[in-house]
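Please model the entire structure based on the sequences and the hints provided.
Residue strings, one per chain:
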Amino acid sequence: MKSKFLFPYWCRYLGWGLVLLHVPLSMLGRSHGMINIMDTQPRDQGIFVGEHLFFISTTLIMSAGLFLVAFAKEKIEDEQIWQVRLDSLRWAIFINYLVLIISLVFIEDVPHMLELNLWVPLIFFIIRFRWVIWRLNQSLKREA
Amino acid sequence: MKNTIRVERAIKNMTQADLAEAVSVSRQTINTIESNKYVPSTVLALKIARVFDKPLEEIFILEEGD
Numbered sequence: 001m002k003s004k005f006l007f008p009y010w011c012r013y014l015g016w017g018l019v020l021l022h023v024p025l026s027m028l029g030r031s032h033g034m035i036n037i038m039d040t041q042p043r044d045q046g047i048f049v050g051e052h053l054f055f056i057s058t059t060l061i062m063s064a065g066l067f068l069v070a071f072a073k074e075k076i077e078d079e080q081i082w083q084v085r086l087d088s089l090r091w092a093i094f095i096n097y098l099v100l101i102i103s104l105v106f107i108e109d110v111p112h113m114l115e116l117n118l119w120v121p122l123i124f125f126i127i128r129f130r131w132v133i134w135r136l137n138q139s140l141k142r143e144a
Numbered sequence: 001m002k003n004t005i006r007v008e009r010a011i012k013n014m015t016q017a018d019l020a021e022a023v024s025v026s027r028q029t030i031n032t033i034e035s036n037k038y039v040p041s042t043v044l045a046l047k048i049a050r051v052f053d054k055p056l057e058e059i060f061i062l063e064e065g066d
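Those protein sequence lines, which keep their order, are chains A and B.
Going by this note's numbering, the first sequence opens with residue 1, and the numbers climb by one from there.
Going by this note's numbering, the second sequence opens with residue 1, and the numbers climb by one from there.
Since the hints were made in silico from the structure, they are not lab data.
Hints may contain errors.
Calculated pairs, BS3-like style, for lysine-lysine (alpha carbon to alpha carbon, straight line, at most 30 Å) [said to hold, decoys possible]:
1) A:K4 x B:K47
2) B:K37 x A:K75
3) B:K37 x A:K4
4) B:K12 x A:K4
5) A:K141 x B:K47
6) A:K141 x B:K12
No experiment lies behind these values; they were computed from the predicted model shown.
Right, dumping it as structure tokens:
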């Protein structure tokens with residue numbers, strides 16, 4: 001089965017590495033006051049100020065990591081994996097829009113909604129996809 | 001849809017892993033097909049039938065309500 005538009009298998013580990021890297025980086029940034037998540041408006045205006053650059057780079061690291069994890073090939077790519085992937089994507093989009101619509105109605109915090117929109121589909125997709133594969137492996141073990 | 005893959009495998013003395021390798025899918029896929037949890041694509045069904053040297057209809061059988 002030809003799998004187009006997927007990263008090689010090792011990208012998954014690179015992706016997890018980036019996600020893990022994001023944690024100490026953003027904590028460091030927060031403890032040094034470089035980013036303040038409660039600020040909805042940046043104090044300094046402009047794209048190339050330190051605060052904004054730091055925020056962008058950490059966010060980029062995190063989303064690139066999640067993206068690589070989500071769209072890396074499996075060891076054996078076959079049609080069932082494709083179906084699980086498609087199904088998980090559908091669920092992720094469902095959940096994302098549900099969360100988005102609910103937060104549109106009840107929350108007025110637009111910048112955080114953007115952030116939510118950035119993470120929810122990828123994270124939910126990864127959880128659902130991994131969970132189904134884990135269940136498949138479990139049923140295989142039970143058979144053996 | 002039900003199938004006779006498990007029986008055919010026993011006749012040919014093949015494990016799930018052997019069959020999986022022969023049709024280049026994962027063992028999980030063969031396992032879910034055998035337990036009727038997953039319906040394979042036409043291409044995969046034809047490949048499986050070819051491994052067993054049997055016509056498709058002898059391996060995959062439609063059920064009432066399909």
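A quick look at each hint next to the structure:
| no. | hint | verdict |
| --- | --- | --- |
| 1 | A:K4 x B:K47 | holds, 22 Å |
| 2 | B:K37 x A:K75 | holds, 22 Å |
| 3 | B:K37 x A:K4 | holds, 26 Å |
| 4 | B:K12 x A:K4 | violated, 35 Å |
| 5 | A:K141 x B:K47 | holds, 25 Å |
| 6 | A:K141 x B:K12 | holds, 23 Å |
Of the numbered hints stated above, the single one contradicted by the structure is hint 4.
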